[in-house]
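Asks: Sequence:
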Amino acid sequence: MFSFEIEKKSKKSRARAGIIHTPHGVIHTPAFIPVATQATVKGITRRQLEEIGIEAVLSNTYHLYLRPGDKVVKKLGGLHGFMNWNKPVFTDSGGFQVFSLGASIEHKIGKVGNATSVKKIKKDEGESEHANVYKSDKFVKITEEGVHFRSHLDGSSHFIGPEESMKIQENLGADIIFTFDECTSPMHDYQYIKKSMERTHRWAKRSLKAHSASSGQAHKDQALFGIVQGGDFKDLRAISAKFIGKQDFPGFGIGGSFGKPEKVLDWTLPFLPVGKPRHFLGIGLVPDILASVKRGIDTFDCVVPTRLGRNGTALTKAGNLNVRAAQFKLDKNPIEKNCGCYTCQNFSRYYLCHLFKANEMLGPILTTIHNLYFMEHLMRGIREDILKGKL
RNA sequence: GGGCAGGUGGUAGAGCGGUCAAUUACACCUCGCUGUAGACGAGGCGCCUUACGGCUACGGGGGUUCGAAUCCCUCCCUGCCCA
Numbered sequence: 001m002f003s004f005e006i007e008k009k010s011k012k013s014r015a016r017a018g019i020i021h022t023p024h025g026v027i028h029t030p031a032f033i034p035v036a037t038q039a040t041v042k043g044i045t046r047r048q049l050e051e052i053g054i055e056a057v058l059s060n061t062y063h064l065y066l067r068p069g070d071k072v073v074k075k076l077g078g079l080h081g082f083m084n085w086n087k088p089v090f091t092d093s094g095g096f097q098v099f100s101l102g103a104s105i106e107h108k109i110g111k112v113g114n115a116t117s118v119k120k121i122k123k124d125e126g127e128s129e130h131a132n133v134y135k136s137d138k139f140v141k142i143t144e145e146g147v148h149f150r151s152h153l154d155g156s157s158h159f160i161g162p163e164e165s166m167k168i169q170e171n172l173g174a175d176i177i178f179t180f181d182e183c184t185s186p187m188h189d190y191q192y193i194k195k196s197m198e199r200t201h202r203w204a205k206r207s208l209k210a211h212s213a214s215s216g217q218a219h220k221d222q223a224l225f226g227i228v229q230g231g232d233f234k235d236l237r238a239i240s241a242k243f244i245g246k247q248d249f250p251g252f253g254i255g256g257s258f259g260k261p262e263k264v265l266d267w268t269l270p271f272l273p274v275g276k277p278r279h280f281l282g283i284g285l286v287p288d289i290l291a292s293v294k295r296g297i298d299t300f301d302c303v304v305p306t307r308l309g310r311n312g313t314a315l316t317k318a319g320n321l322n323v324r325a326a327q328f329k330l331d332k333n334p335i336e337k338n339c340g341c342y343t344c345q346n347f348s349r350y351y352l353c354h355l356f357k358a359n360e361m362l363g364p365i366l367t368t369i370h371n372l373y374f375m376e377h378l379m380r381g382i383r384e385d386i387l388k389g390k391l
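The first sequence stops at residue 391 when you use the working numbering, and every number in between is there.
Quick caveat, the hints were computed from the structure, so don't treat them as lab data.
All of these numbers come straight from a predicted model, not from anything done at the bench.
Don't take each hint at face value.
Said to hold, decoys possible - Listed below are the simulated DSS-like cross-link pairs for lysine-lysine, each with C-alpha atoms no more than 27 Å apart in a straight line:
(1) Lys71 with Lys42
(2) Lys246 with Lys205
(3) Lys87 with Lys71
Given only the sequences and the hints, what does the whole structure look like? Please build it.
Replies: Right, here's the structure in full:
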């Protein structure tokens with residue numbers, strides 16, 4: 001049921017335009033896949049996604065396992081039935097949460113490891129929303145078997161290893177699923193990242209084995225992508241790409257890229273089979289996307305367009321636009337001139353500015369619509385360029 | 001006319017002799033978000049200064065004190081109650 005067809009390979013770069021076929025329809029690549037962590041692209045309805053032209057979304061194993069529970073989702077028709085979305089769905093394996101609930105917090109760093117996004121974790125005085133549950137306990141403990149988690153919802157203990165992740169993802173029923181991996185922190189040293197990568201390789205084989213062994217029909221329809229790790233080290237990336245690349249995966253994910261993603265791709269993509277799709281996990285800044293497509297990436301997922309939209313920043317060709325800024329209070333222009341999105345066709349900056357100031361939920365909704373439209377049309381433009389031989 | 005209670009930074013509201021340019025919240029301003037613990041988070045928010053520091057401020061005026069947003073007197077104003 002799953003297949004990848006390359007329509008055109010660029011002669012100017014390693015870019016390619018293709019079509020991913022899944023049991024729930026096709027994805028024209030290169031494509032941006034919006035993130036729908038909790039079985040919803042935050043603030044956006046299915047109709048709005050369809051109007052924008054979104055062909056697939058990416059949900060999350062960890063979050064849905066905790067709530068409402070993967071078995072509940074299965075009972076209600078899998079993710080497609082549950083969220084009434086009959087187009088392709090990806091699920092991340094929960095591997096990213098090993099990082100975002102683990103090293104990201106321990107190292108007190110933001111997800112790209114830069115000093116400006118340092119998060120202050122207030123653990124003792126119940127000052128933050130999450131503090132009262134966790135106190136000083138760690139959220140994550142990693143062993144060879146898998147990962148012991150503490151739920152961010154109620155503090156309860158859980159375990160997810162490769163086999164569990166596969167089972168949960170089978171229940172969720174996405175079209176494209178990922179191996180259980182550990183996404184390492186940029187703050188980790190070489191030795192740790194090497195050790196972690198090797199463990200991720202063993203987990204990849206276990207994921208593959210569990211996936212192949214499953215007798216469920218839903219599982220048979222799922223394409224399991226292997227994930228390459230290796231941090232910010234050229235040799236580790238090469239080792240990881242070679243190892244994962246030779247396993248019998250129908251596609252691949254490149255994870256753990258922080259900072260300068262192009263570099264990681266240069267170290268990785270040459271070792272992956274050309275004919276299989278490559279998904280760049282978590283990457284979605286516009287310059288990164290252009291550079292990545294040229295290096296042979298087919299799909300991306302990233303929270304940036306939706307999170308920025310929700311937080312009042314609109315994507316434009318001229319860069320980020322802070323819709324909340326006082327300068328837009330009387331600005332009658334749309335977010336972006338000549339933008340065909342619903343938001344720009346109907347509303348001005350002054351209105352969006354007001355919605356955000358007034359804390360009205362329509363502000364995040366409209367800005368998210370615009371940002372997703374911006375991304376979708378960016379990708380369509382890129383695809384056109386590849387097909388026309390311009391990129 | 002009498003009796004109470006009050007007048008603090010854009011707003012609400014702490015403080016009740018020094019550690020007060022003044023807790024906190026909201027508002028306001030700026031910025032940040034890369035496989036979503038995120039409709040979140042950070043910083044700023046009297047005036048001058050890059051900073052050190054200086055200046056003016058807790059209704060007005062006067063006083064006590066080494067020192068007052070804090071105590072006293074007086075005036076003005078607000079609210080409630082009684083005439």
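Asks: Does each hint fit the structure? Answer for all of them.
Replies: Each hint, compared with the structure:
no.	hint	verdict
1	Lys71 with Lys42	22 Å, holds
2	Lys246 with Lys205	11 Å, holds
3	Lys87 with Lys71	21 Å, holds
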